[in-house]
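*Asks:* Chain residues, written in single-letter form:
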Amino acid sequence: EDQVTQSPEALRLQEGESSSLNCSYTVSGLRGLFWYRQDPGKGPEFLFTLYSAGEEKEKERLKATLTKKESFLHITAPKPEDSATYLCAVQGYSSASKIIFGSGTRLSIRP
Amino acid sequence: SAVISQKPSRDICQRGTSLTIQCQVDSQVTMMFWYRQQPGQSLTLIATANQGSEATYESGFVIDKFPISRPNLTFSTLTVSNMSPEDSSIYLCSAARPESSYNEQFFGPGTRLTVL
Chain P
1 EDQVTQSPEA LRLQEGESSS LNCSYTVSGL RGLFWYRQDP GKGPEFLFTL
51 YSAGEEKEKE RLKATLTKKE SFLHITAPKP EDSATYLCAV QGYSSASKII
101 FGSGTRLSIR P
Chain D
1 SAVISQKPSR DICQRGTSLT IQCQVDSQVT MMFWYRQQPG QSLTLIATAN
51 QGSEATYESG FVIDKFPISR PNLTFSTLTV SNMSPEDSSI YLCSAARPES
101 SYNEQFFGPG TRLTVL
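Sequences listed follow chains P and D, in order. With the first letter of the first sequence counted as 1, position 64 gets the number 64 in the numbering used here; the numbers rise by one all the way through. With the first letter of the second sequence counted as 1, position 62 gets the number 62 in the numbering used here; the numbers rise by one all the way through.
Worth double-checking, as some hints may not be accurate.
Derived DMTMM-like pairs (lysine to aspartate or glutamate); straight-line CA-CA distance at most 20 Å [said to hold, decoys possible]:
1. P:K42 with D:D87
2. P:K98 with D:E54
3. P:K42 with D:D26
4. P:K79 with P:E58
5. D:K7 with P:D39
6. D:K7 with P:E45
7. P:K59 with P:E81
Since the hints were derived computationally from the structure, they do not count as laboratory data. As the structure is a computational prediction, the values presented were derived from the model and not from experiment.
Let's have the full structure, built from the sequences with the hints guiding it.
*Replies:* So, in structure tokens, the structure goes:
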């Protein structure tokens, strides 16, 4: 069964303090791994799709990387506006269009 | 990316009643999905809304409780029937286009439902 585990559950950083969020996954044939950002009271906002091990994607202060077992979302010199919940999700070839979401990491950046 | 709107944005309902949530996409999409997000938790897929055919429900969700309509390529509704307090949750609609191979789903803002 496809599974996604995110850690840590919550992370508090000082503005400018870089860190990484982890997403470990188990899937029978990875079709895609996705990162989303969710602000309180809003729907998830799409950030990245990664398809194969070794792939990297960047957007502003965020960089997502992928291995065969996990993905990292690196945040460099974060700002308070980066505070949100970051969700990781996977889609396997056996699950058609279904996407399995992790429980998320609540990121808080203090000024 | 598609722009997705949902109505209502929030509602407070009495036990035993039903609520229909509307999802409108600003362009034609092949796949539409309905998710539930309980407080402090992640998203759980309820069903895939198929245009021109019945919705495909995930384990633990049934059509009698969550009937879904998909009359065209830009619109879908989810009804939460015979509600109980356990149905209090955020309900989210998402959509994907075939050129994205259904990979990249874009979400609406959600409907926050409270059942008393």
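*Asks:* For each hint, tell me whether it holds in the structure or not.
*Replies:* Results for each hint:
1. P:K42 with D:D87: 19 Å, holds
2. P:K98 with D:E54: Status holds; Cα separation ~16 Å.
3. P:K42 with D:D26: Between K42 of chain P and D26 of chain D the Cα gap is close to 18 Å, so the pair holds against 20 Å.
4. P:K79 with P:E58: 16 Å, holds
5. D:K7 with P:D39: Between K7 of chain D and D39 of chain P the Cα gap is close to 19 Å, so the pair holds against 20 Å.
6. D:K7 with P:E45: Holds. K7 of chain D to E45 of chain P sits at ~19 Å (cutoff 20 Å).
7. P:K59 with P:E81: Holds - the C-alpha atoms of E81 of chain P and K59 of chain P are around 14 Å apart, at most 20 Å.
The structure fails none of the hints (numbered hints given earlier).
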